[in-house]
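Protein sequence lines, in the order shown, are assigned to chains W and B.
For the first sequence, counting from 1, position 351 maps to 337 in the numbering used here; every step adds exactly one.
For the second sequence, counting from 1, position 427 maps to 413 in the numbering used here; every step adds exactly one.
Hints were generated in silico from the structure; no laboratory data involved.
It is possible that some hints are incorrect.
Which copy? The list can't say, so a pair holds if one copy fits it or any two copies do.
Okay, derived cross-link-like pairs now, SDA-like style, lysine to any residue, Cα gap no bigger than 20 Å in a straight line [stated by the list, open to error]:
hint, residue 1, residue 2
1, Lys140, Arg29
2, Lys17, Asn364
3, Lys140, Asp270
4, Lys80, Asp93
5, Lys63, Phe181
6, Lys63, Asn179
7, Lys207, Lys266
8, Lys367, Val316
9, Lys148, Phe83
10, Lys140, Leu84
11, Lys28, Gln249
12, Lys226, Ala366
13, Lys207, His307
14, Lys17, Gln66
15, Lys28, Glu139
16, Lys80, Asp270
17, Lys63, Lys178
18, Lys178, Ser60
Now for the letters of each chain:
2 protein chains.
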Amino acid sequence: MNNTQTKQASMPHVVIVGGGFGGLYAAKSLKDAPVKVTLIDKRNFHLFQPLLYQVATGTLSPADIASPLRVILSKHKNTQVLLDKVIDIDPEAKKVFLEEREELDYDALIVATGVSHHYFGNDQWQNDAPGLKTVEDALEMRRRIFMAFEAAEKEPNPERRKALLTFVVVGGGPTGVELAGAIAEIAHQSVKNDFRNIDPTQAQVLLFEGMDRILPPYPEKCSADAQKALEELGINVQTKTLVTHIADNSVTFRQGEETKTIQAHTILWAAGVRASFMGKVLADSTGAELDRSGRVIVEPDLSLKGYGDIFVIGDLANFAHQGDRPLPGVAPVAMKQGEYVANLITKRTVGKTVGQFKYQDFGSMAVIGQNKAVVDLNFAKFSGFVAWIIWIFAHIYYLIEFDNKLIVMIQWAWNYITLGRGARLITEGSSLQLEIEPPKKPERATSQSKETVSV
Amino acid sequence: MNNTQTKQASMPHVVIVGGGFGGLYAAKSLKDAPVKVTLIDKRNFHLFQPLLYQVATGTLSPADIASPLRVILSKHKNTQVLLDKVIDIDPEAKKVFLEEREELDYDALIVATGVSHHYFGNDQWQNDAPGLKTVEDALEMRRRIFMAFEAAEKEPNPERRKALLTFVVVGGGPTGVELAGAIAEIAHQSVKNDFRNIDPTQAQVLLFEGMDRILPPYPEKCSADAQKALEELGINVQTKTLVTHIADNSVTFRQGEETKTIQAHTILWAAGVRASFMGKVLADSTGAELDRSGRVIVEPDLSLKGYGDIFVIGDLANFAHQGDRPLPGVAPVAMKQGEYVANLITKRTVGKTVGQFKYQDFGSMAVIGQNKAVVDLNFAKFSGFVAWIIWIFAHIYYLIEFDNKLIVMIQWAWNYITLGRGARLITEGSSLQLEIEPPKKPERATSQSKETVSV
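Here chain W stands alone, though its shape is the one from the complex (with noise of 0.2 Å):
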């Protein structure tokens, strides 16, 4: 044992469970501390997911929003990246369990797993109308949306051609929005000289959200503007509409006291989250509080009542000491909760104390289509082309901080000035069937039962 191990032995050990922006911008802040740091995740990356639509609309590769965390940390010579999961946690043993191996002592626990969809009691909707939150989401939307124009392209019976270039998107917040904006684009500009039988720019896309207006948590005026920007794109958005059943590719909502069916064999859910697992097991271990959507209660230092050791940040956590409700859950507060609790940390490591969290919110944005947004900053309001131009240096400031993805600016460029989507490529789970004999059964591309088996 050489010198630097005997020294972190000695350190306490703090654990970080998630590498998405709570738990890296954490483990980033404890890079000098006198602390040992475990940074587990289940991924061996940490994905930039305000850009997973682009993935999911073909615009962008995996890789160009995603960075292993080793590379991340590479230089942290006090951390240690793990790839496994946490199953459960002894809070009094000051223990996590992992999925794979041994159990873990800490001195400190930061938990920052997320969020995942959420249908509001309708697990089954997922498989026809799936939502977008990992790497394989995107994937698998992309599949859908770009094998939708291939099938009508087959398809002779012009109703079900109809339902094939139709697409629902349930949700308006800014993923809903997002999607809707990129789908509409590839219709009516990607694709539209790509077809013999069919007329991609007659494809139909809706957008259907719950309250009165679209981006419900931004300025009334930024909502205004983003309905009017998505209708120039040709998309059809509803608003106080509610989605009562999906199934056999259609779509059956709610408005007002009238209840209408939509014939549309690409449904994407972009409505709601509901906490990751492990808000479970910290409620279960620790008797932590849940909201509504499981997500953990925190102390106004982002603690567990009870539990000053175990710390939740990040989506997971539902902080409401600040402001009439709880801090929403975007990547830039997750990133400073997560340079709080590793200062917080690091100042207890000498005995010193810190203040409680404050979060200073900058604002938001959310964009639509290929060059316009909607930005609202706190001081002032942008729409349009300037609004998306701030929405792009945003974007690419954060992924250039993490792994000079430099790539990306470029081909962002190239895409707007070609109009093209050069990652549209329909694949499957990886698959290692030798091509032998012809399928027996076969499978219709509409089909969405689909199942590929990977080895």
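Fit chain B to the supplied structure of chain W, relying on the hints for placement.
Using the frame of chain W, we list chain B on its own:
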């Protein structure tokens, strides 16, 4: 029906099966011919297979080396792309039968469906030693290679750790040489600082070749240069080595009279190819003769004996009318054959004939690691950096011709400067599982029989 359609309806119908190098060049060359063209492929993209090993080793993303067929052919007004699979043909009625939809009548049929892996009667090896033909194959290889380091990092048993850090590439042709070189560079450069419990530079990479030298079809000097370059990268090159058994993370092989077994977690297959399913279809329906690998023996004009309207080109064809052995299964041969058959068909529409197919061989090349290659042009041979520059420009030239893949060039330049591997993501088949409970039965990362079901 407009004028163009009326005109097209009376034109001869050329059906092309397969959008690889052969089929795509045939389609491209028929752009202005007085024929109607249907290109059928089961994938929606053309894949630049010579660079597939760079996807398998995390340098490029699939979209960097794939172009949607519809985009490449969007300006070919006489051409329709059909995403489907041919399952049979009737050469007397001149029909092809499709998996998903109707049958198609043809006046001329060009079959260019290539080859798949060949395990020489040991198909059970395919799960333990995957080959490299599709995007999915490449992502599976990428997952295994990078997962091996992750699993080694967590493995306390030194023997198992050693097996996890042992990589065996079976087959010393260009693909095997390129894969082995890239894996050695991953271990010695890309990930060398990224782990805490293992030293990735201790990884062993072995390259097995049955013949007495690697790159057997190349001149002896090239083989020797390539072997020297591989050994400088730390690769253990074993010639005259026949694999006799693969199972349980181990490879058994025979060298002369001796039989040995090595424990290796990652075994990659680059040893043999077999004709795709269409070879058998053609043999059954036309009586065409197949060679030992199942390739279709063709006439001097690439047609089938007795069927002057059916042509087989590319890897699937065995063309033995030039030189003392069949033409090699490489991209330039397929491209030239595609152009030749397109020209033959065009001439035929005005009652003219063409001479037999002749191939002008300009040489071969293979790349070794990041900046070395061997290039055998007929008039000169190169190795090392100069060869690498020739190699990279030959590939870039082709990629740019199709899809302005400028990005790939920039990506390469960037990786060359930074020694980075931006695409080293470990991903699975797309999955829509909601995360509700932790998996009941923990699956070890080292398990080779792991199944993912994607919906």
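Hint by hint, here is what the structure shows:
Proximity of Lys140 to Arg29 under the C-alpha cut-off of 20 Å is restricted to the inter-copy arrangement: shortest distance 14 Å between copies versus 38 Å within a copy. When the C-alpha separation of Lys17 and Asn364 is checked against a cutoff of 20 Å, the pair qualifies neither within a copy, at 32 Å, nor between copies, at 56 Å. For a Cα distance limit of 20 Å, the shortest separation of Lys140 from Asp270 qualifies neither inside one copy, at 53 Å, nor across copies, at 28 Å. Taking CA atoms no more than 20 Å apart as the test, Lys80 paired with Asp93 passes inside one copy only; the shortest distance there is 7 Å, against 75 Å between copies.
Within a single copy, Lys63 and Phe181 get their C-alpha atoms only as close as 54 Å, which misses the 20 Å cut-off; across copies the closest is 10 Å, which meets it. Proximity of Lys63 and Asn179 under a CA criterion of 20 Å is satisfied inter-copy only: 10 Å between copies versus 53 Å inside one chain copy. Taking the shortest alpha-carbon separations for Lys207 and Lys266, neither the intra-copy value of 38 Å nor the inter-copy value of 65 Å comes in at or below 20 Å. Taking the shortest Cα distances, Lys367 and Val316 sit within 20 Å of each other inside one copy (19 Å), while across copies they are farther apart (57 Å).
Proximity of Lys148 to Phe83 under the C-alpha cut-off of 20 Å is found in neither arrangement, the shortest distances being 51 Å within a copy and 26 Å between copies. Within a single copy, Lys140 and Leu84 get their C-alpha atoms only as close as 49 Å, which misses the 20 Å cut-off; across copies the closest is 12 Å, which meets it. With identical chains, the CA atoms of Lys28 and Gln249 are never at most 20 Å apart, being 37 Å at best within one copy and 27 Å at best between copies. Within a single copy, Lys226 and Ala366 get their C-alpha atoms no closer than 28 Å, and across copies no closer than 72 Å, so neither meets the 20 Å cut-off.
Taking identical chains as interchangeable, the C-alpha atoms of Lys207 and His307 are never at most 20 Å apart, the minima being 28 Å within one chain and 74 Å between chains. Taking CA atoms no more than 20 Å apart as the test, Lys17 paired with Gln66 passes inside one copy only; the shortest distance there is 11 Å, against 57 Å between copies. Taking the shortest Cα distances, Lys28 and Glu139 sit within 20 Å of each other only across copies (14 Å), while inside one copy they are farther apart (39 Å). For the identical chains of this complex, Lys80 and Asp270 are intra-copy neighbours only, at 15 Å inside a copy versus 69 Å across copies, given an alpha-carbon limit of 20 Å.
Taking CA atoms no more than 20 Å apart as the test, Lys63 paired with Lys178 passes between copies only; the shortest distance there is 13 Å, against 52 Å inside one copy. Proximity of Lys178 to Ser60 under the C-alpha cut-off of 20 Å is restricted to the inter-copy arrangement: shortest distance 9 Å between copies versus 45 Å within a copy.
Hints 2, 3, 7, 9, 11, 12, 13 from the earlier list are contradicted by this structure; the remaining hints agree with it.
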